[in-house]
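*Asks:* Okay, here's what each chain looks like letter by letter:
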Amino acid sequence: MTIDTEPLKSVSDIERTTLMTFLPGRIAGMLGGRRWRSLAPLAVLVVLCVLITIANPNFIELRNLVRLANSAAVPLTLAMGLTFIILMGSIDLSVEGTLSVAAMVVVLLAANDSNGNDYGWWAVLAAIASGTIMGLASGLVQTMLRIPSFMATLGMWFIGLGLSVYMLGGSAIRLNDASIRDLALYRFLGLPLAVWVALGAFVLAAIIQYHTRLGRHILAIGGDEDVTKLSGVNVVRVRIAAFALAGFFFGIAGVLAAAQLGQSHAVIGDGRLFAAVTAVVVGGTALTGGEGGVVNTAVGVLIVTVLANGMILLGISPYIQQTVQGLMIIAAVALSLDRARLKIVK
Amino acid sequence: MKDGKALTFSGSLSRRTLMVGAAAGAATLAMPKVLRAADKPTLVTSIRSLSNPYHAVWKTGAEAYAKWAGLEHVTLVSEGNSEKGIADIKAMLAKTGGNMVLNSDPNDTPDARPIVEACAKAGAYVVTQWNKPADLHPKDFNPNYVSHIEFDGIASGKTIAEILFKAIGGKGGIVALGGLISTTAAIERKKGLDAALAANPDIKLLDFQVANWKSTEAFDLMGNLLTRFGDDIKGIWAANDDMGSGALEALRAENLAGKVPIVGVDGIKTAVDAVRTGEFACTVTSDPFWQGGMGLAIGYNAKIGKFDPAKEPPEHREFYGKAVLISHDNVEEYYKTNVESKPEMDWNDLWGRVTGAIRA
Chain G
1 MTIDTEPLKS
11 VSDIERTTLM
21 TFLPGRIAGM
31 LGGRRWRSLA
41 PLAVLVVLCV
51 LITIANPNFI
61 ELRNLVRLAN
71 SAAVPLTLAM
81 GLTFIILMGS
91 IDLSVEGTLS
101 VAAMVVVLLA
111 ANDSNGNDYG
121 WWAVLAAIAS
131 GTIMGLASGL
141 VQTMLRIPSF
151 MATLGMWFIG
161 LGLSVYMLGG
171 SAIRLNDASI
181 RDLALYRFLG
191 LPLAVWVALG
201 AFVLAAIIQY
211 HTRLGRHILA
221 IGGDEDVTKL
231 SGVNVVRVRI
241 AAFALAGFFF
251 GIAGVLAAAQ
261 LGQSHAVIGD
271 GRLFAAVTAV
281 VVGGTALTGG
291 EGGVVNTAVG
301 VLIVTVLANG
311 MILLGISPYI
321 QQTVQGLMII
331 AAVALSLDRA
341 RLKIVK
Chain C
1 MKDGKALTFS
11 GSLSRRTLMV
21 GAAAGAATLA
31 MPKVLRAADK
41 PTLVTSIRSL
51 SNPYHAVWKT
61 GAEAYAKWAG
71 LEHVTLVSEG
81 NSEKGIADIK
91 AMLAKTGGNM
101 VLNSDPNDTP
111 DARPIVEACA
121 KAGAYVVTQW
131 NKPADLHPKD
141 FNPNYVSHIE
151 FDGIASGKTI
161 AEILFKAIGG
171 KGGIVALGGL
181 ISTTAAIERK
191 KGLDAALAAN
201 PDIKLLDFQV
211 ANWKSTEAFD
221 LMGNLLTRFG
231 DDIKGIWAAN
241 DDMGSGALEA
251 LRAENLAGKV
261 PIVGVDGIKT
271 AVDAVRTGEF
281 ACTVTSDPFW
291 QGGMGLAIGY
301 NAKIGKFDPA
311 KEPPEHREFY
321 GKAVLISHDN
331 VEEYYKTNVE
341 SKPEMDWNDL
351 WGRVTGAIRA
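If you read the protein sequences in the order shown, they are chains G and C.
Mapping to the UniProt record's numbering: the first sequence position 253 is 253, numbers consecutive.
Mapping to the UniProt record's numbering: the second sequence position 346 is 346, numbers consecutive.
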């Protein structure tokens, strides 16, 4: 009565790989498998750009490319921070809370229309510091109280949001400091300063990921936390550092958002969390951790931004834009993730 | 006595617990009636959140009225959660024994019914604003459901559109930024825009896009629209000021602020400032300060018997309030009275801003 289950199992395996990943799997196979797959997000981006350009040549106008870069600045900075957390296989939901705290701090400490403060660029430093502290707190809560990052950062999200609602008294407060507003208004080599800051954040994130011990340890934790621990890495310290680092990037993004909008209100971060997570995942960083990185994320941010821009250029009705966006996200992830290797899909 | 009865039916109770429970029940039923009959009613404001400028001003107006009338005032915040909004109101009804006046901006349309029913049952007086189901009428809950107040979104959308058209010289292309697609205010304001467009064939609506009431989304959207239409955009119609201010910052980044006029709805401070500098052509406000204070005033005057709701004409029971237009002509005066200082209201003028009964 011993039934050989092995053939059955392998049949279902074959079925899964051939049916579920049929098309992308084939294309990937023809072009050399994993190597092609890692370039899939870039290919999606290029195809998207070409298609939009054919439909509306205005797309590759210099002015539009500058605008694209400008609207990618805040999401890029945010997604840089988030990438490190997702690489560890964790999640940081405090994006919107931390961003609004940083935006609140910079507006209230710099020249504004609500109080008499005028600390200039010290306000920017304080904002970035407060973002970092929020991240540090997330990391400490997660590791010391042993609360899953999902809940720990959900808590920090609401704490941050509540804090900025309280401090701003529910209203929108204008940022009057001209030098901080120059982040959005002044242009260097044709690009607004905010774009240069975002590029700087990207370079910094790339250096941290590829050339520092912290970056490699983060990747290792995402790959296999137990093995990493056994190899003598202080996992707790790496986790706290990663969350603080994410908070640092969120802080910068908060300053950029306040500078762009010229004001701060508690809901300045609304919708940024999903945009950032989408960008990270579309870029090919796995939510399970250990795969992907900041370069992928940069491509992901561009895909999301180009898509939003393209839908307006193509004149797609606002009533169906979200549907198109959803389809594109599924398509991009289908192409870029190597699902054949996934044993379980949660 | 009701409490005592409930406890006996609940079964396994010692006699002492039963006695204590019955006594406590009797006490809570008997005491408030004696004690609170002489008490002044509590004023209660129920709003969505304190994180938006609109409701923050609403609360200021409510507090100003409470101070003027010498009454206690409590603000309940639903945080966009209908269940919480209704539960908080029921808790306040229990706490005050029904001796309260409620001015509510229900979180969602269906919420108005349970709120009104709970108030009527407890004997409290209620005024609702903006949201109520079409088949829920104050006249069916005399005298407790005093009034329902709305602002005519079609009129607002049309008025600002006409001012925008005038500002760009009666011809040329405009783009429009709409609110969250499914909301009544977004639908009505767009209807107003459409009506104004139909009457002005020389104005071309280049594109209508949705920025979900948010300045951040409007900022990105506006950049994209500039790419698509460039200098063809002569004016921007926004369904609220927050989106308008987002569009304004996108223009500023391209050195276009002040060159392309913007109009919006709500009268938030950013927009009023922009009207002063000429970057906005106008904004129109339902005046949340008035809404917060006068909603309570109408309810309180009905409660103390200054007027009998049952005898009031229909246009005092369900009416459109008068929106205040803030344009270049009156912005300095508005700024002085409403932004630099708290506005002075005649809280006795209950019906001064009635513009007519709500369309069925």
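Bear in mind the hints are in silico, worked out from the structure with no lab data behind them.
C-beta: ideal position from N, C-alpha, C; glycine also.
Among the hints, erroneous ones may be present.
[Stated by the list, open to error] What the simulated footprint calls covered on chain G by chain C, stretch by stretch (three residues with Cβ under 8 Å from a Cβ of chain C suffice, anywhere in the stretch; the number is not a length):
hint	segment
1	254–262
2	283–293
[Said to hold, decoys possible] FRET-style restraints, in silico, Cβ to Cβ:
hint	chain 1	residue 1	chain 2	residue 2	range
3	C	Ser341	G	Gly190	38 to 48 Å
4	C	Ala134	G	Leu140	51 to 61 Å
5	C	Lys40	G	Met144	47 to 57 Å
6	C	Glu340	G	Leu145	20 to 30 Å
7	G	Gly200	C	Gly278	34 to 44 Å
*Asks:* Which hint numbers doesn't this structure obey?
*Replies:* 2, 6
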